[in-house]
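Novice: One-letter residues, chain by chain:
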Amino acid sequence: MGASISLDFISHKFSASAEPTLKDIENRIEPSELVALIGRSGCGKSTLLHMMAGLLIPTEGCVRINSHQVAKPSAKWNMMFQKASLYPWMSVKENAALGLLFDGVPKAEAAERVDTLLDMVGLSDKKNANVQSLSGGQQQRVALARSLATDPEVLLLDEPFSALDAFTRTQLQEEVPNICRERGITMVIVTHDIDEAVAMADRVLIMSQNPGRIVGEQKVGLPWPRRHMDAGFQAMRDELMQQFKGTDTGLAGRNAVESDESNVAKSAA
Amino acid sequence: MSTSNSQSIPVTNMMPNMSRFLGLFKSLQYPALGITCLLALWWVGGYMIEANPDLSAFSAFAPAPTFSALVDMVSSGEVWAPIGSSLYRILAGLVWGIAIGVPVGVTVGYFGVALKVTNVPFQFLRMISPLAWMPVAVLAFDSWDSAIIFLIVMATVWPIIFSTAHGVRRIDPNWFKVARNLGASGFQMLSRIILPAIMTDVMAGIRLAVGVAWVVLVPAEYLGVTSGLGYAINDARDTLAYDYLAAVVLVIGIIGYGLDTVCSVLIKRFNWHVE
Ligand SMILES: Nc1ncnc2c1ncn2[C@@H]1O[C@H](COP(=O)(O)OP(=O)(O)OP(=O)(O)O)[C@@H](O)[C@H]1O
Ligand SMILES: [Mg+2]
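Keeping their order, the protein sequence lines are chains P and V. Following the working numbering from start to finish, the first sequence increments by one per residue and tops out at 269. Following the working numbering from start to finish, the second sequence increments by one per residue and tops out at 275.
There's no promise every hint is true.
[Said to hold, decoys possible] Computed, partial: chain V to chain P, Cβ under 8 Å: (1) D72; (2) S75; (3) K177; (4) V178; (5) L182; (6) G183; (7) W272.
Bear in mind the hints are in silico, worked out from the structure with no lab data behind them. Every residue gets a Cβ at the ideal spot worked out from N, C-alpha and C, and that includes glycine.
The following block holds chain P by itself, in its conformation from the complex (with noise of 0.2 Å):
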């Protein structure tokens, strides 16, 4: 079952003099939903994913799973990166097993439990492959298995599949959803790509830059499978699209921040 994530008034400075990369930036994920959040290039996109999954902590206010407050990383909410991040010392089958591992699950189990995932992403026949002779697609599908091995309460993914290529990305967009669905796991991603946000989500969060905060938000209503050619996914494309102009900086775009920002709060009351 998924876990709700409730970001308390966060705000978030590298060092003590800087300017806040993130500012007062409030939410709430409900379980199994899926969220997008995309904003432009450093507005703090990461940052905010680091602190949901517990590798940073704010410096004011918190992040809460479950109303519990995160102080720690946890596989419970796992996150997956652009890279894949494997280890070359260990074959396909030991890196989706490793964080079982480290939660001293018992190796039969461990290697059950993966096998069946590796089956699910795809990897049937590479299960004992040297990792570093995989594909960039079949290398991020490994770090999937190893995310879910772990039976999180909360997906994290930070732009996972922008360094693949288009036909896989498009495989991956479709099924990471639907285990999401599946298994009711809290999904959050991170992406610079509306269509992927469009694809993959039910609400998307928009991001301004310095400081970082959300300005605005829009449900997905669509239905699943998304299909990017139907007309229900271009308008809501076209609709994300005006709303993150309106993000861009000069003042033109700082109207257009401040009357998202009354939506947002006129939608909160």
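Position chain V with the ligands relative to chain P; hints supplied.
Specialist: Relative to chain P, chain V with the ligands alone:
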């Protein structure tokens, strides 16, 4: 299985054997040339010594007497005792060098502060010849054997520390992040991530250490002890048995080469990088 098939089998089996043999021959031809040149130089040197009346007492350094002394030493079995003592000392020194060098190297590589603090002292200590510690070693240890092992440790720790620390600093930071994220404890991080990641660097450090240690061992054995290859050289000099002396030098070179080969095989064995 047709008859034509059974006839073709020897042919197809012969070809790879032939080409493998040729390949081996090709791969050995340059080392063979190098060895031949070395022997030729040695022979010329021996010839010149013999031709010079002032030096003719040393004519036993030439290849022919040396090899016959070597054959003598091997067939009488007297070559094994000094080899055994020397190998024991170098292995004991190396074990200590690894036991101290790897943990120190990991600490220095992992904690930026430790690196900054230790950089100057380590670079300073590293530049001191291990042999310079001899007087200290003699005072500090009650047996000559321990004193020599101490010198070997002083020779081996530095390359192991520096290579290990370098390896730790090269570890992909994402490897730490992912492992932390998957719930690795400190000990698991060390045993499952850090140590396997730096294995190649540690082995490279050990290889350097073995080279230095072997070079330092012989002069260290000139002092005090009555066993080992260094002692055998000294002994041969005192008894004017120059052919034996040269034979011991030959043994030292061959064993040194052997140790280095073992290290390079181990490096290949532990290397997880895809070439
Ligand atoms: N460890 C750090 N120390 C200091 N500043 C940092 C650190 N990490 C990130 N920053 C700064 O915080 C800001 C936000 O970084 P972050 O990586 O969260 O952005 P992002 O939205 O993920 O960008 P991108 O889309 O390019 O990945 C950037 O200006 C970055 O320079
Ligand atoms: Mg980022």
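Novice: Look at each hint and say if it fits the structure.
Specialist: Cross-check of the supplied hints:
Because the beta carbon of D72(V) sits about 48 Å from the nearest beta carbon in chain P, more than 8 Å, this interface hint is broken. Given hint, S75(V) at the interface with chain P, is violated; its Cβ is 46 Å from that chain's nearest Cβ, farther than 8 Å. Hint on K177(V) holds. Least Cβ distance to chain P is approximately 6 Å, under the 8 Å limit. A cut of 8 Å between beta carbons decides the hint on V178(V): the least distance to chain P is about 5 Å, and the hint holds.
The beta carbon of L182(V) comes within 4 Å of a beta carbon in chain P, closer than 8 Å, and the hint placing it at the interface holds. Because the closest C-beta pair between G183(V) and chain P is about 4 Å apart, less than 8 Å, the hint holds. Because the beta carbon of W272(V) sits about 4 Å from the nearest beta carbon in chain P, less than 8 Å, this interface hint is met.
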